[in-house]
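Enquirer: Residue-level listing of the chains:
2 protein chains.
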Amino acid sequence: MYDKRFMNKAIELAIDNVKNGTGGPFGAVVVKDGEIISACGNTVTTSNDATAHAEINAIREACRKLSAYQLNGCEIYASCEPCPMCLGAIYWARPDKLYYASNQDDAAEVGFDDSFIYHEITLPHQQRSIPFIRHSEPLSGKEFKLWKESSTKKPY
Amino acid sequence: MYDKRFMNKAIELAIDNVKNGTGGPFGAVVVKDGEIISACGNTVTTSNDATAHAEINAIREACRKLSAYQLNGCEIYASCEPCPMCLGAIYWARPDKLYYASNQDDAAEVGFDDSFIYHEITLPHQQRSIPFIRHSEPLSGKEFKLWKESSTKKPY
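First to last, the sequence lines map onto chains A and B. Under the working numbering, the first residue of the first sequence is numbered 171, with each subsequent residue one higher. Under the working numbering, the first residue of the second sequence is numbered 171, with each subsequent residue one higher.
Worth double-checking, as some hints may not be accurate.
Copies of the same chain are indistinguishable here, so a pair counts whether it falls within one copy or spans any two.
[Said to hold, decoys possible] In silico DSSO-like pairs for lysine-lysine, Cα to Cα no more than 27 Å straight-line:
id: 1; residue 1: Lys-235; residue 2: Lys-312
id: 2; residue 1: Lys-202; residue 2: Lys-318
id: 3; residue 1: Lys-235; residue 2: Lys-318
id: 4; residue 1: Lys-267; residue 2: Lys-318
id: 5; residue 1: Lys-235; residue 2: Lys-315
id: 6; residue 1: Lys-174; residue 2: Lys-324
id: 7; residue 1: Lys-267; residue 2: Lys-174
id: 8; residue 1: Lys-267; residue 2: Lys-312
id: 9; residue 1: Lys-323; residue 2: Lys-189
Hints in this document: simulated from the structure, not taken from any laboratory.
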């Protein structure tokens, strides 16, 4: 069930992030059974990591704390609607629910144009601003064949 | 310019990953000026990290090695077409180009249904399998106002 204390915590992390110069104006909190498992701000510019959005940081830390690669039974509170990278991460982590406060349009107004990436996803590869080019090699596909045949694999 | 040595390296990482039980059958290599900056396999299940796809691992390591949060001038070689999370990460990291060998359909055949997430992105929030629910709070938006007014912010 939604609890505004956790959303306010996510927003406070975003505010502190700007005040302290730690990264972009975003925060995220992972909650399980009414307890905070992880609470992180965006650290892209201070940790030199293009992937260090608040949600990614919070998912990674929650996984580490729970010694799990999926977040079943968890809920994520994000100060802002997730970008496509974070949306993908949320689907792989499989929390029960995501709550967010600000939305894409609010973020776009201060220079974070996630909607650009949302649009690029829908384009054919050759029309994307970063070209996605397929080059198959004879070796390609062997990894999938081995995976399919493996009796010890750990699906995720 | 495409260099098949780097693609074969990415595919070999994927193959080794299955053989060694290190993670899913995926590898990625970041290249700059003809040199490999990072070369990583997927480590979701062994590092307990839902976000530890090959491309994310390779982007994070390349950022660390280059002390940069963007990968301008770099090219990424991926053994398989990136999932939406990795596509998002690639857009944030801004390499010049992405090359991939296998595609979404090949991955789906062995159980990695990235197309499910690609489809979910296009759905209205209330129709998604993981609910995305908006709850604004009075504090919400203050972080963006501060960001907009900040004279010391570091955009990314």
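Enquirer: One pair to classify: Lys-235 and Lys-315, alpha carbons no more than 27 Å apart. Within, between, both, or neither?
Expert: Neither: 34 Å inside a chain and 33 Å across chains, both beyond 27 Å.
Enquirer: At 27 Å max between alpha carbons, let me know whether Lys-235 reaches Lys-318 within a copy, between copies, both or neither.
Expert: neither (31 Å within a copy, 34 Å between copies)
Enquirer: With 27 Å as the alpha-carbon cut-off, assign the pair Lys-267 and Lys-318 to within, between, both or neither.
Expert: neither (31 Å within a copy, 30 Å between copies)
Enquirer: Under a CA distance limit of 27 Å, which applies to Lys-323 and Lys-189: within one copy, between copies, both, or neither?
Expert: Intra 46 Å, inter 9 Å, cutoff 27 Å: inter-copy only.
Enquirer: Indicate which option fits the pair Lys-174, Lys-324 if close means a Cα-Cα distance not exceeding 27 Å: within, between, both or neither.
Expert: neither (37 Å within a copy, 29 Å between copies)
Enquirer: Between the shortest in-copy and the shortest cross-copy C-alpha distance, which are at most 27 Å for Lys-267 and Lys-174: within, between, both, or neither?
Expert: within (15 Å within a copy, 42 Å between copies)
Enquirer: First find the shortest C-alpha distance between Lys-202 and Lys-318 inside one copy, then the shortest across copies, and answer within, between, both or neither for a cut-off of 27 Å.
Expert: This pair counts as neither: shortest intra-copy Cα distance 34 Å, inter-copy 33 Å.
Enquirer: Are the CA atoms of Lys-235 and Lys-312 at most 27 Å apart within a copy, between copies, both, or neither?
Expert: Cα proximity of Lys-235 and Lys-312: none, with 35 Å in one copy and 30 Å across.
Enquirer: Regarding Lys-267 and Lys-312, is the shortest C-alpha distance of 27 Å or less found within a copy, between copies, in both, or in neither?
Expert: Only across copies: Lys-267 and Lys-312 sit 24 Å apart there, 36 Å inside one copy, limit 27 Å.
Against the hints set out earlier in the document, violations occur for numbers 1, 2, 3, 4, 5 and 6.
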